[in-house]
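*Asks:* Between the sequences and the hints, there should be enough to build the whole structure, so can you do that?
Protein chains in written order, with our numbering: chain A, 1 to 342; chain B, 1 to 342; chain C, 1 to 342.
Be aware that a few hints might be false.
Identical chains blur together in the list; that is why a pair holds if it fits in one copy or across any two.
[What the hints assert, rightly or not] BS3-like mimics (lysine-lysine), calculated; alpha carbons at most 30 Å apart, straight line: (1) 193 x 277; (2) 193 x 292; (3) 193 x 50; (4) 193 x 46; (5) 193 x 323; (6) 277 x 339; (7) 292 x 323; (8) 52 x 339.
Simulated from the structure, these hints should not be mistaken for laboratory data.
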Amino acid sequence: MSSWRLGDLAERLGAELAGNPDLRIRNIRPLDEAGSEDLSFLHNRKYIAKAKLSEAGAVIVADAGLLPGRNLLIAPEPYLLLARALELIYPRPSETEGVHPSAVVAEDVGLGAGVSVGPQAVIGPGSIIGARTHIGAGCVLGRMVEVGEDCLLHPRIVIEDGCRIGNRCILQGGVVIGGDGFGYASVDGVHHKVPQVGIVVLEDDVELGANVCVDRATLGETRIGRGVKVDNLVQIAHNVSVGPGSILVSQVGIAGSTQLGAYVVMGGQAGAAGHLKIGNGAQISAKTGVFKDLDAGALVSGIPARPRREWVRAQAGLARLEKMRKRIDEIERQLEHMKEEA
Amino acid sequence: MSSWRLGDLAERLGAELAGNPDLRIRNIRPLDEAGSEDLSFLHNRKYIAKAKLSEAGAVIVADAGLLPGRNLLIAPEPYLLLARALELIYPRPSETEGVHPSAVVAEDVGLGAGVSVGPQAVIGPGSIIGARTHIGAGCVLGRMVEVGEDCLLHPRIVIEDGCRIGNRCILQGGVVIGGDGFGYASVDGVHHKVPQVGIVVLEDDVELGANVCVDRATLGETRIGRGVKVDNLVQIAHNVSVGPGSILVSQVGIAGSTQLGAYVVMGGQAGAAGHLKIGNGAQISAKTGVFKDLDAGALVSGIPARPRREWVRAQAGLARLEKMRKRIDEIERQLEHMKEEA
Amino acid sequence: MSSWRLGDLAERLGAELAGNPDLRIRNIRPLDEAGSEDLSFLHNRKYIAKAKLSEAGAVIVADAGLLPGRNLLIAPEPYLLLARALELIYPRPSETEGVHPSAVVAEDVGLGAGVSVGPQAVIGPGSIIGARTHIGAGCVLGRMVEVGEDCLLHPRIVIEDGCRIGNRCILQGGVVIGGDGFGYASVDGVHHKVPQVGIVVLEDDVELGANVCVDRATLGETRIGRGVKVDNLVQIAHNVSVGPGSILVSQVGIAGSTQLGAYVVMGGQAGAAGHLKIGNGAQISAKTGVFKDLDAGALVSGIPARPRREWVRAQAGLARLEKMRKRIDEIERQLEHMKEEA
Chain A
1 MSSWRLGDLA ERLGAELAGN PDLRIRNIRP LDEAGSEDLS FLHNRKYIAK AKLSEAGAVI
61 VADAGLLPGR NLLIAPEPYL LLARALELIY PRPSETEGVH PSAVVAEDVG LGAGVSVGPQ
121 AVIGPGSIIG ARTHIGAGCV LGRMVEVGED CLLHPRIVIE DGCRIGNRCI LQGGVVIGGD
181 GFGYASVDGV HHKVPQVGIV VLEDDVELGA NVCVDRATLG ETRIGRGVKV DNLVQIAHNV
241 SVGPGSILVS QVGIAGSTQL GAYVVMGGQA GAAGHLKIGN GAQISAKTGV FKDLDAGALV
301 SGIPARPRRE WVRAQAGLAR LEKMRKRIDE IERQLEHMKE EA
Chain B
1 MSSWRLGDLA ERLGAELAGN PDLRIRNIRP LDEAGSEDLS FLHNRKYIAK AKLSEAGAVI
61 VADAGLLPGR NLLIAPEPYL LLARALELIY PRPSETEGVH PSAVVAEDVG LGAGVSVGPQ
121 AVIGPGSIIG ARTHIGAGCV LGRMVEVGED CLLHPRIVIE DGCRIGNRCI LQGGVVIGGD
181 GFGYASVDGV HHKVPQVGIV VLEDDVELGA NVCVDRATLG ETRIGRGVKV DNLVQIAHNV
241 SVGPGSILVS QVGIAGSTQL GAYVVMGGQA GAAGHLKIGN GAQISAKTGV FKDLDAGALV
301 SGIPARPRRE WVRAQAGLAR LEKMRKRIDE IERQLEHMKE EA
Chain C
1 MSSWRLGDLA ERLGAELAGN PDLRIRNIRP LDEAGSEDLS FLHNRKYIAK AKLSEAGAVI
61 VADAGLLPGR NLLIAPEPYL LLARALELIY PRPSETEGVH PSAVVAEDVG LGAGVSVGPQ
121 AVIGPGSIIG ARTHIGAGCV LGRMVEVGED CLLHPRIVIE DGCRIGNRCI LQGGVVIGGD
181 GFGYASVDGV HHKVPQVGIV VLEDDVELGA NVCVDRATLG ETRIGRGVKV DNLVQIAHNV
241 SVGPGSILVS QVGIAGSTQL GAYVVMGGQA GAAGHLKIGN GAQISAKTGV FKDLDAGALV
301 SGIPARPRRE WVRAQAGLAR LEKMRKRIDE IERQLEHMKE EA
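*Replies:* Now the structure itself:
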């Protein structure tokens, strides 16, 4: 195990240093697990008490005043500094450049400088792989696939014919890009398959989680915008477009032709019906079912989706239904009584 | 890029022609993207205005009267005609017949005429692959697996021992057929595995989406009926049977031993509990949770599922709960007032 | 097909025998399908009538008095006896010991006695595979992966660098263990990836269903406790811990850092938000959305989760909302009338 001098870390990370620059750091650990040779982090003020009790040798923090007398790396965005520190202290092992002898790469495939192709991978004719991209073990890329530069494809990914991946994309294991969209012409009880001849386009800096499915368009493109981050087991149907910077949490499903604006957030297990427009910055709670268009900036919850406040009130009301019914019973009793008296 | 004479297209597709038979068609594009060498389509009257403005060279349509003076391919089912036109103009590239040298196929496997087996695929002993079927790159078929004729297995599919696939089935990438059903005998805090010794049977013309899971039966069969279409990431548990012509949209889950009739439709993210009977033609909305048997033709929504109309009314009522509470408050005030006056 | 003498079966399974020990048993079948050479089972008293009508040669049962005059295997836990009988009569075919020539196994991998590695599998440097474990065709294990003894890895599983699997674990096809957790530092509209440098640990006797995803921790471990059983397509996020003996039914999702106690049960398509504590033995209905901590033994349903009884009452109330509204209308009419009369 190598170690880092705290002063060198500060310099490399562009952080301000407080305390002992000669401290040796070996690992990054959470506040309650860190010891004297560990760097830890405080990115949520909720944990100040914990930070004060922590035995961490040094702490990443936004404001030196929060932890007086400690060894600190100070930065306005401590969580981002943590990300950088993790990259530095735990670098991804480098892949062996070149094509593994067990891989099957068509003769005319274009491989950029520094590309690595793992064991048992398959790359079909006419495909192009950008410089420094890694194609993981067991990946299958079809014909005429384009993958940009500096991408990381984890093992056992499928990218079907003609699909295009931007630069610096990260795809986790088991992803399937370019499966056929779900389209049938149903006549007299027979569902005739509508060939899906479009493609999938991932713009730059997209990340897709494990076993995510993105279907090819019927015609044209299914498009995932720049910087979109998608968690595991998400379904993105044919002809969907997801605007830049959007976040799709695990097990979300988006039906065909729906268009998400920029910076939309969908919580876990939420779903959106087909042919909808979801405005920029809309936030859709976990488990919500969206069946209508949403304005930019909408905050919605529930099945069907409604404004979050309204949903919270309705749920509270649900819990009081029994009480309401009893009040109505009592009112009817009183009215009956009044009528008898009259 | 090759092109088609419109008159020849009409003849090959069995469509009626209106307009110029000598027009050259190169591509099929949506109404708003199509140009003078493109064929487009109008299958929903909602888009008539768009069709009139379209610059498409020719349009597929059900009724010539909708677009007078245009070049048209006329057919009673325009969406089906589109499907046929897509097949014709964008044929799937043919696969190289035979077994790729990197594939591992057991000696006794029966391969029909014209079968193709992709790179890195594995086929276990005793299996039989029907004529003209394509086994995609990286697929793993176990022992004694049967696949019918004219099937298309996309890359990286698993079919476990003894499972049987009908003719003309299409399986998208990442499908797992014949994983163990989820069954345990729980005694004194230990969940003992109940071996799952049944199989999965897919009848003819079934399509399964990417990363779909269909579990083998405990005993007997898990059965997917003729012509069933299943979207991505769907879960079908052990001993389920899905009747012919049913449609399961993305991320649906069906628990063990539940029986779906013919032409059942389950919307995205819907689920059905185990040991249920869902009648023919039942329609289950997206996100619905079915916990009881459903009659044939039932239309249901909600968690738990209830008749759709009732659910719509209940949801509308939820939005008015606050108002109801205020009305009760006001009634109580008035009663109080009346009593004081009396 | 071999056959078993009923008396020998009783002895091997440790069951009490009633009836003819010389009966030959060839298969195990459900009550309504079993014939004179079949063993069947009665583990739910609901099916006594069916059992009496069954033509099964012999029946597994808890109490001999339930089926007088029949050939019986009697045991206090008949479902467990069924599991044992299935193991005995339908043994899993043994795998060929050793490494298939098409597999790519790094030189320094430690392989225990009796290990089998299937075709096209990949095992990275520094990994260790315990005795008698089977690595299925097309699996990809990264660097420094540890798999215990007597494990069964079905085809096409991914286990990323450094993850550790206990003894007697069963992983179904398409599982992805150790994909990156979903963590970003979002600054000025850019989602910077937070490297996920922790691992996944599966304790002994864990089973994971097909296409399940378990993400590696940001730091430290994502941990699945001893004897946990996980159904298909479940999502387990970074830094989650699942207590021993828990059951996660298909398509469940658990968000980051949530801790489940021992023997928690989550029904199909249920979800839990991040950073929660779910107490021992909590039972979460299918489709429930848990957004707050749960006490030990809690029984909850609904979105958001509430005590099951309360939820059942609220759902019943929802169905009566229309009626409540009409009662309020009528009360207001009467009050109006009374005021007019006054």
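*Asks:* State for each hint whether it applies.
*Replies:* Going down the list of hints, with the structure as the test:
Taking CA atoms no more than 30 Å apart as the test, residue 193 paired with residue 277 passes in both settings, with 26 Å inside one copy and 28 Å between copies. In this assembly of identical chains, the alpha carbons of residue 193 and residue 292 lie at most 30 Å apart only when taken from the same copy (27 Å versus 32 Å across copies). For the homomeric pair residue 193 and residue 50, the shortest alpha-carbon distance between copies (25 Å) is at most 30 Å, but the shortest distance inside one copy (59 Å) is not. In this homomeric assembly, residue 193 and residue 46 come within 30 Å of each other (Cα to Cα) only across copies, at 23 Å, whereas the closest approach inside a single copy is 55 Å.
Taking the shortest Cα distances, residue 193 and residue 323 never come within 30 Å of each other, neither inside one copy (53 Å) nor across copies (46 Å). Taking CA atoms no more than 30 Å apart as the test, residue 277 paired with residue 339 passes in neither setting, with 56 Å inside one copy and 51 Å between copies. Taking the shortest Cα distances, residue 292 and residue 323 sit within 30 Å of each other only across copies (24 Å), while inside one copy they are farther apart (33 Å). Taking the shortest Cα distances, residue 52 and residue 339 never come within 30 Å of each other, neither inside one copy (70 Å) nor across copies (63 Å).
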